[in-house]
Structures are given as structure tokens and as C-alpha cells.
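Under the numbering used here, the first residue of the sequence shown is numbered 1, with each subsequent residue one higher.
Simulated from the structure, these hints should not be mistaken for lab results. There could be a bad hint or two in this list.
To be verified - Each pair of labels, with its calculated beta carbon distance range:
1. GLU21 with GLU123: 41 to 49 Å
2. HIS74 with ARG100: 14 to 22 Å
3. GLY20 with ALA101: 37 to 45 Å
4. GLU44 with LYS130: 20 to 28 Å
The model shown is predicted, which means the values in this text are computed figures rather than measured ones. No residue lacks a Cβ here, since even glycine has one placed at the ideal position from N, Cα and C.
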Amino acid sequence: MLRIIHTADVHLGARHDDLGEQASAQRERQFAAFTATVDLALAEKADILLIAGDLFDSNVQPKRSVERVAAQLHRLVGSKIRTVIVPGTHDSYDRASIYRAYDLKTLAGSHPADDLVTILTPERPSVHLKACDAVIHGPVFPTKRAPYSPVSHAWVSSNRTTGISVMNSVSIAPTRCTRPKEDRPCSSRAPASSSRSYTEGLRSRRSTETPAAVASGFPDSVPAW
1 MLRIIHTADV HLGARHDDLG EQASAQRERQ FAAFTATVDL ALAEKADILL IAGDLFDSNV
61 QPKRSVERVA AQLHRLVGSK IRTVIVPGTH DSYDRASIYR AYDLKTLAGS HPADDLVTIL
121 TPERPSVHLK ACDAVIHGPV FPTKRAPYSP VSHAWVSSNR TTGISVMNSV SIAPTRCTRP
181 KEDRPCSSRA PASSSRSYTE GLRSRRSTET PAAVASGFPD SVPAW
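Full structure from sequences and hints, please.
Structure (C-alpha cells):
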């Protein structure tokens, strides 16, 4: 059974100018929520952590903030949990993209030859994670404004009966689960390519709360982002 933790709109490093002196505490709550998501992926022994847009609130972030994110992803790398990041409209893959400025994959301990951390790009909007034999497709645009709505685009309607699930405009198409022996074995075979069996066979978890709501139990006196 393919196990996915799905999140989006994390908006790490948001300025929160309207919060005044509370802005720093709110940024730290958001990072705590992201950390809790990584904790969940580890606890649930997920196969994939899918971040479907806007991990960062903007493409202008200090190096220390990127390193903190990389440290969390490194925890997943150590447990052979794949991370796929889809740039959104706030951290868009333009010329000034944070994903161009920093090699997040390398910082997280993932090597060029492996697929433990993948950042989709306009040139590479899909990745086949061979260890789980799952294909993840997510349209990535080089500007903050998408030229069309991905959820209404032709490929969505044409693939509704092929086992592809659309989440925040990201598609996941599992076929077989064939992790190599050096990785943690998957718990069972992934579903066949039909909408019904896909729905029954795939366990997907998505946080519907805002980062502040997820981290509502954290103290107000926390270090700055």
C-alpha cells in the first residue's frame, strides 16, 4: 500500500507585517507545523512526502531558513522517505527562484543519482519514483501567474479513469510497489490502474488546518524564524 503525506501552502518565512511584534512567533509556529508534518511522515512510515506548492512564502529567504528546512528533509532522507516539492505561486520557479539560489536537494543529503528529494520544474514536471513505482506530476510555471488552470486542463479529464488522483493540481499514478531490498519494503502491492482500486488501495493524508492551527499548542515565546 502506497503511503503518502500530502501538504501545501506551508508559507515558511512569511513576513506577517500585519502582526507587528508577533510576526516572528507566527513564523516559528509555521516552522513547527512543518516539523510536525515531517514527524508524522516518520511516525506513519510514509513512502512519500508531497509538498504541493508554496513551501516558502517568497523566493527571498535567508540562508539559515533554507538550512533549517533542509535539516528536516534530511531526517526523511535518512529513513528513505521520498520528498517531492512542487514550486507554487509564492515560491515560483522563475529566474530568482529560491530553488535555483539554493541546492535544497544536496543540502538535505540527497545525491544527484537518487530520488530521495525531487523538486519539479517547468522542464521536469513529473518524476517516476522507481522505489515505489509511482509517478507524480505537477505543473510548474516560470511565473507567479499560471497561464491556465491545471485542474481544468485537458490532461486531468482525459486521465480520470486511469488511477490518477488530483490534489492541488498534482497527480499521483501508482502502478506497482517494488522497493529495493536496501530500502524499507512496502507493506503491500499498490493498486491496479482503475479509479476504484486506486481509491481503495491508496492511503493519502492531507492536513486541512492552517499552520497556525496545527501548531496551536506551541508557546508564544519562541525564537525568531
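Hints, one by one, checked against the model:
no.: 1; hint: GLU21 with GLU123: 41 to 49 Å; result: 43 Å, holds
no.: 2; hint: HIS74 with ARG100: 14 to 22 Å; result: 21 Å, holds
no.: 3; hint: GLY20 with ALA101: 37 to 45 Å; result: 29 Å, violated
no.: 4; hint: GLU44 with LYS130: 20 to 28 Å; result: 22 Å, holds
Consistency note: the structure conflicts with earlier hint 3 alone.
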